[in-house]
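Undergrad: Counting along the sequence shown from 1, when you hit position 65 you're at 65 in the working numbering, and nothing is skipped either side.
In short, the hints are calculated from the structure, not lab data.
Be careful, since some hints might not be right.
[Unchecked claim] Distance condition first, Cα-Cα at most 30 Å in a straight line; then the derived DSS-like pairs of lysine-lysine:
#: 1; residue 1: K164; residue 2: K180
#: 2; residue 1: K180; residue 2: K211
#: 3; residue 1: K180; residue 2: K135
#: 4; residue 1: K133; residue 2: K29
#: 5; residue 1: K60; residue 2: K133
#: 6; residue 1: K164; residue 2: K135
#: 7; residue 1: K60; residue 2: K45
#: 8; residue 1: K211; residue 2: K76
#: 9; residue 1: K60; residue 2: K29
#: 10; residue 1: K52; residue 2: K135
#: 11; residue 1: K67; residue 2: K29
#: 12; residue 1: K133; residue 2: K45
#: 13; residue 1: K52; residue 2: K67
#: 14; residue 1: K76; residue 2: K60
#: 15; residue 1: K45; residue 2: K67
#: 16; residue 1: K135; residue 2: K60
#: 17; residue 1: K135; residue 2: K67
#: 18; residue 1: K29; residue 2: K180
#: 19; residue 1: K133; residue 2: K67
#: 20; residue 1: K133; residue 2: K76
#: 21; residue 1: K133; residue 2: K180
#: 22; residue 1: K164; residue 2: K67
#: 23; residue 1: K76; residue 2: K52
#: 24; residue 1: K76; residue 2: K45
#: 25; residue 1: K29; residue 2: K45
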Amino acid sequence: MATTFHYLVPIDFTPVTENALVFALDAAKYNNGDIVLLHIISNTKERIAAEKNLHDLAAKYQTPEVKISTRVVIGKVLRDIGIIADSIGVQLIIMGTHSTSIWQKIFGSPALSVISNSNVPIILTQQDTSFHKIKSIVMTVDLARESVQVVRYASRVAQVFNSKIYLVGQRYSDEGLMQKIEVNLRVANGYLQEQGLDATIHLLDSTNFEKNLIEYSREVNADLLAATHYQDMFSLFSTNLIQSLAENELAIPVMTFDGEDTSSGSQFGFITQ
Numbered sequence: 001m002a003t004t005f006h007y008l009v010p011i012d013f014t015p016v017t018e019n020a021l022v023f024a025l026d027a028a029k030y031n032n033g034d035i036v037l038l039h040i041i042s043n044t045k046e047r048i049a050a051e052k053n054l055h056d057l058a059a060k061y062q063t064p065e066v067k068i069s070t071r072v073v074i075g076k077v078l079r080d081i082g083i084i085a086d087s088i089g090v091q092l093i094i095m096g097t098h099s100t101s102i103w104q105k106i107f108g109s110p111a112l113s114v115i116s117n118s119n120v121p122i123i124l125t126q127q128d129t130s131f132h133k134i135k136s137i138v139m140t141v142d143l144a145r146e147s148v149q150v151v152r153y154a155s156r157v158a159q160v161f162n163s164k165i166y167l168v169g170q171r172y173s174d175e176g177l178m179q180k181i182e183v184n185l186r187v188a189n190g191y192l193q194e195q196g197l198d199a200t201i202h203l204l205d206s207t208n209f210e211k212n213l214i215e216y217s218r219e220v221n222a223d224l225l226a227a228t229h230y231q232d233m234f235s236l237f238s239t240n241l242i243q244s245l246a247e248n249e250l251a252i253p254v255m256t257f258d259g260e261d262t263s264s265g266s267q268f269g270f271i272t273q
């Protein structure tokens, strides 16, 4: 497993994506990482101006500690970010998210394809998000077994930054549901223990779960939230939850990953692939 992360930062020359670059730059300094800035254009006529603007942005933030390179690609923004990230071998995409007023335009069904088309985990940042050394990660686990998938990626970040992971699930009154959530929490915790990581389990009341989750994140001084995203099944990790977490009032960055099809193979084998 690599201890150095290569980051991809999609840039549209707005302040929020420039802040995502600042976040990636600060993160890369902790683990000898490097950064690729990506701008996607729709036609060749845009290339010269785009390359100049992207080069100027890279030069503005270039430091001796972190290499910043640039790529201008003709394509579709929402479809191709993940494809490009996978093809160049980065470990994380750092993507700035825009304001709530235009959220549905950039993170509705079309924009969710950025996540669903990517085999690379994504960290979503807000305009006010600033990087802090990732000492604590709050990871949510749901009833569906796919929800533990993000533990693979959270564990890699935790190993780089020597983070503690707080596994959080809902407290259900139904005994059968509690058994399911407890199994998922044990599986996730067991995997983290195997990786030599410090992890604890915490249950939150299901009423106002998202609010309780953010409040708990405040209590443990969370530096990163982590949750698996999947949109093809009914679950806690709906589009609304990922949207809510990405807009959280504490501006904590959110790591997410699209749950794979795990219908075949061992029940939880996908977290060790």
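Undergrad: Could you run down the list of hints and mark each one as holding or not?
TA: Consistency of the hints with the structure:
no.	hint	result
1	K164 - K180	24 Å, holds
2	K180 - K211	23 Å, holds
3	K180 - K135	29 Å, holds
4	K133 - K29	10 Å, holds
5	K60 - K133	23 Å, holds
6	K164 - K135	6 Å, holds
7	K60 - K45	25 Å, holds
8	K211 - K76	35 Å, violated
9	K60 - K29	16 Å, holds
10	K52 - K135	37 Å, violated
11	K67 - K29	10 Å, holds
12	K133 - K45	41 Å, violated
13	K52 - K67	18 Å, holds
14	K76 - K60	27 Å, holds
15	K45 - K67	28 Å, holds
16	K135 - K60	28 Å, holds
17	K135 - K67	24 Å, holds
18	K29 - K180	40 Å, violated
19	K133 - K67	20 Å, holds
20	K133 - K76	33 Å, violated
21	K133 - K180	33 Å, violated
22	K164 - K67	28 Å, holds
23	K76 - K52	20 Å, holds
24	K76 - K45	15 Å, holds
25	K29 - K45	35 Å, violated
Consistency with the previously given hints fails for numbers 8, 10, 12, 18, 20, 21, 25, ordered from lowest to highest.
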